[in-house]
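Q: This is what each chain is made of:
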Amino acid sequence: MFKPLEMKEKEKASRSDESPKPREIKRRLKAVKKIRRKKRLEPEEVELPLQVAIIGGGAAGMEAASVLAAHRCPVSLFEARSELAVNVKNKYKIFPDFSDAGQLVQTMVKALDHPLITVHKDTEIVEIIQEPDAYILLDNKGVSHTVPAVLLASGYEPFDAKRKEELGFGIYDGVINSLQLETMLKEHKVVNSLGEEPKRVVFLQCVGSRDEKVGNHYCSKICCVTAVKQAIEVKRQQPDTEVYVFYMDLRLWGQGYEELYRQSQEEYNVHFVRGRISEAASTFDGRIQVKAEDTLLGQPLKMTTDLLVLMIGMEASPGTRKLGKACGLEGPYGFVRSKSVHLEDNLSEQEGFFLAGSCKRPMHIAEAVNDGRSAALEIIKFLRR
Amino acid sequence: MTTKKHYWNEYQKEIADDKYFYERSCIRQTFFPGSETAFLRMIKEELGKDILDVENQHTCTGIGFYTDIVPLETTMTIVARLLSLMTEAGYENYVPSCVTSFGVFSEIVDLWEHQPSMLAKARKILYDTTGRTFELPKNIAHPSDIIYKFREELKEKMRYRLVNRFTGKPLRVVEHIGCHYAKIFPNKGVGKAEFPHVLAGMIESWGGEVVDYPERRHCCGFGFRQYVVRANRGYSVANTKKKFESMQPYEPDFVVANCPGCTMFMDKWQYTIAEMEHKTYDKNGFGIPVLTYEEMAGLLLGYDPWELGLQLHQVQSERLLDKLGIPYNPNEKYKSVSGKILPNPEKPQYLRV
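Chains as they are written, first to last, in my numbering: chain Y, 1 to 385; chain U, 1001 to 1353.
Hints are computed from structural coordinates only; laboratory data are not their basis. Among these hints, one or two may not hold up.
[What the hints assert, rightly or not] BS3-like mimics (lysine-lysine), calculated; alpha carbons at most 30 Å apart, straight line:
| # | chain 1 | residue 1 | chain 2 | residue 2 |
| --- | --- | --- | --- | --- |
| 1 | Y | LYS213 | U | LYS1013 |
| 2 | Y | LYS221 | Y | LYS322 |
| 3 | U | LYS1019 | U | LYS1121 |
| 4 | Y | LYS291 | U | LYS1268 |
| 5 | U | LYS1138 | Y | LYS213 |
| 6 | Y | LYS302 | U | LYS1183 |
| 7 | Y | LYS291 | U | LYS1283 |
| 8 | Y | LYS322 | U | LYS1013 |
| 9 | Y | LYS291 | U | LYS1279 |
| 10 | Y | LYS339 | Y | LYS381 |
| 11 | Y | LYS186 | Y | LYS93 |
| 12 | U | LYS1283 | U | LYS1323 |
| 13 | U | LYS1183 | Y | LYS213 |
| 14 | Y | LYS302 | U | LYS1268 |
| 15 | U | LYS1241 | Y | LYS302 |
| 16 | Y | LYS162 | U | LYS1268 |
| 17 | Y | LYS21 | Y | LYS213 |
| 18 | U | LYS1183 | Y | LYS291 |
| 19 | Y | LYS322 | U | LYS1192 |
| 20 | U | LYS1323 | Y | LYS162 |
| 21 | U | LYS1138 | Y | LYS291 |
| 22 | U | LYS1013 | Y | LYS291 |
| 23 | Y | LYS199 | U | LYS1241 |
| 24 | Y | LYS162 | U | LYS1242 |
| 25 | U | LYS1049 | Y | LYS302 |
| 26 | U | LYS1241 | Y | LYS291 |
| 27 | Y | LYS21 | Y | LYS89 |
| 28 | U | LYS1268 | U | LYS1323 |
| 29 | Y | LYS291 | U | LYS1242 |
| 30 | U | LYS1155 | U | LYS1192 |
| 31 | U | LYS1268 | U | LYS1340 |
| 32 | Y | LYS302 | U | LYS1242 |
| 33 | U | LYS1242 | U | LYS1192 |
| 34 | Y | LYS213 | U | LYS1242 |
| 35 | U | LYS1169 | U | LYS1241 |
| 36 | Y | LYS21 | Y | LYS38 |
| 37 | Y | LYS302 | U | LYS1279 |
| 38 | Y | LYS213 | U | LYS1335 |
| 39 | U | LYS1242 | Y | LYS199 |
| 40 | Y | LYS302 | U | LYS1283 |
Build out the structure end to end from the sequences listed, making use of the hints.
A: Next comes the structure, spelled out in structure tokens:
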């Protein structure tokens, strides 16, 4: 049985600039508990009188919002950009089953169409103040939001390949990153710098990941299978294009990944070369020359290609870095640190402050979605304790 | 393919404004004897800066150090003594002429900053053996950094531009930085190591066009262990050949480098390659001139080509001087300081001069 709040109360709770004082939050939570006991209601039958703040409108944050709303918990979802799920939206098809990223985003956005969810786009949380029993969030528009619980789902940002200067990204038009290739694939227009169908495409793994030079020792874990997926997509769209993938070692750990890797070789004749590309330069005829070492053959190698695709890794987003540091939750490489990766991965060291998605470490979309869902359940448990 | 050249100058380093302590280079004085004199003239006369060139200086041990012949402690002490000369003269900005010396000083000072016990050791050895003391430099800049920094001021005084006077088009220039300029510490080089701007900036400011060719970042062919170890010299010439093969289709008008090793090997191996394979890298059988940045700047400022020492290069520069519109007297090409006309050197069989 659904027990709505009095309209006046509900309106008050949802108007961020008039959000309740910390003491009021405690009072309201107590009142809910009292009503529930008195009327012998199940926890989910009583709508919570307070907004939970979710910082970050990506896969994890959006999923958490819809789960919280389904459990009668009002949510304010803050997204610094003007669009939701930007990192998913930038993709064309998703590994390993080639499902459509655009449709996935549509489904996720539709799930936010709920009376208990308020989405604040273009709204960046710039400061978080911890009070007893509450958090006060200040946004970039000067509005404060007092909430009993916060979910940080501020996500990742793609590695800026300009930092790997030797690869010529941002210098040569024939050097692109894996996100730019997604756009080309989406438009069915994989072309070289002259707008022609490439005769050869070379992928390079681990750009910005497992790389001491840029300070990222960790594996971003999605790039191996993404390159395999993209290599297949290139071959599907342009069967005559030769495709090479340069790798350190292939980490095809997920369900269906190994099969995809096998398929890429057996059905699509994608060539895999074990070796890092040390530098890329433009040639006289406007192509890209790459130098590498084939470490299986123990031979240096020079190859000319029309397109060099850099498989860029994941780094903590600026929001993750800033808020993680401000809240004392800064973990390795600017990601945020959970209480325990085994059983309390959605909790932080601070009560009422929850974590979800790739603000903690690189995650693929399904993992982030599951993590958002799991965080929502932790928040419900916390608020209805 | 378009090259987004604006990216080349993204990284800038700190370069002192004035009051430089100059350290001469061993090999530069031998192979490009006009370059250091031209640099001092530019700093003093064209820019009006204070630069000290003392006579009681000595080797930095660079070549011996990087070929593992000279131990670290010896190099530290040598560096300490050179710094003591700077300190005694009241200067704080160290300017080593040679790129390898720049590498030695950058590396030793960095080592001392990270390991103060090594600095204490160097101070003690220097004091015990010579009674001298020293301060760490406030700034270490290579002379090419200083020319880069003041390239616009120098441009105002230049009589010529890097433009082909017959076609009106910018001259195509290959630039090459020394490994010890930015490959030890990329942040100590203007534009860092991959797309250095120190020479490219001069070329662009002075009207030329930088040639970006596939083997631009490849070794010049010196590479201490390639050349110094006699058995490896085949690698040395092979590397130079690879670079010239790669740049040839772009038809560069000349090469400019900021390292004595690069300038020397890219110049002289052209003769060797011509002798070995009867091959030269310009259309008419002349080689591609390889200049130091001081020679390039000096020419544009109107300094006499023979005073700059261009006749001492393997590949001769008359055709380049013609393109620039710079006058020269062929009869004075081998005139000594005392005014005596020296005999002309023997001409190579395959490389035209």
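Q: Next, verify each hint and record whether it holds.
A: Hints, one by one, checked against the model:
no.	hint	result
1	Y:LYS213 - U:LYS1013	holds, 20 Å
2	Y:LYS221 - Y:LYS322	holds, 24 Å
3	U:LYS1019 - U:LYS1121	holds, 28 Å
4	Y:LYS291 - U:LYS1268	holds, 27 Å
5	U:LYS1138 - Y:LYS213	holds, 27 Å
6	Y:LYS302 - U:LYS1183	holds, 22 Å
7	Y:LYS291 - U:LYS1283	holds, 29 Å
8	Y:LYS322 - U:LYS1013	holds, 28 Å
9	Y:LYS291 - U:LYS1279	holds, 26 Å
10	Y:LYS339 - Y:LYS381	holds, 16 Å
11	Y:LYS186 - Y:LYS93	holds, 8 Å
12	U:LYS1283 - U:LYS1323	holds, 15 Å
13	U:LYS1183 - Y:LYS213	holds, 13 Å
14	Y:LYS302 - U:LYS1268	holds, 27 Å
15	U:LYS1241 - Y:LYS302	holds, 16 Å
16	Y:LYS162 - U:LYS1268	violated, 36 Å
17	Y:LYS21 - Y:LYS213	violated, 48 Å
18	U:LYS1183 - Y:LYS291	holds, 18 Å
19	Y:LYS322 - U:LYS1192	holds, 28 Å
20	U:LYS1323 - Y:LYS162	violated, 37 Å
21	U:LYS1138 - Y:LYS291	violated, 39 Å
22	U:LYS1013 - Y:LYS291	holds, 29 Å
23	Y:LYS199 - U:LYS1241	holds, 29 Å
24	Y:LYS162 - U:LYS1242	holds, 27 Å
25	U:LYS1049 - Y:LYS302	violated, 47 Å
26	U:LYS1241 - Y:LYS291	holds, 17 Å
27	Y:LYS21 - Y:LYS89	violated, 37 Å
28	U:LYS1268 - U:LYS1323	holds, 22 Å
29	Y:LYS291 - U:LYS1242	holds, 14 Å
30	U:LYS1155 - U:LYS1192	holds, 24 Å
31	U:LYS1268 - U:LYS1340	holds, 26 Å
32	Y:LYS302 - U:LYS1242	holds, 13 Å
33	U:LYS1242 - U:LYS1192	holds, 23 Å
34	Y:LYS213 - U:LYS1242	holds, 28 Å
35	U:LYS1169 - U:LYS1241	holds, 27 Å
36	Y:LYS21 - Y:LYS38	holds, 26 Å
37	Y:LYS302 - U:LYS1279	holds, 24 Å
38	Y:LYS213 - U:LYS1335	violated, 52 Å
39	U:LYS1242 - Y:LYS199	holds, 26 Å
40	Y:LYS302 - U:LYS1283	holds, 27 Å
When each numbered hint is compared with the structure, violations occur for hints 16, 17, 20, 21, 25, 27, 38.
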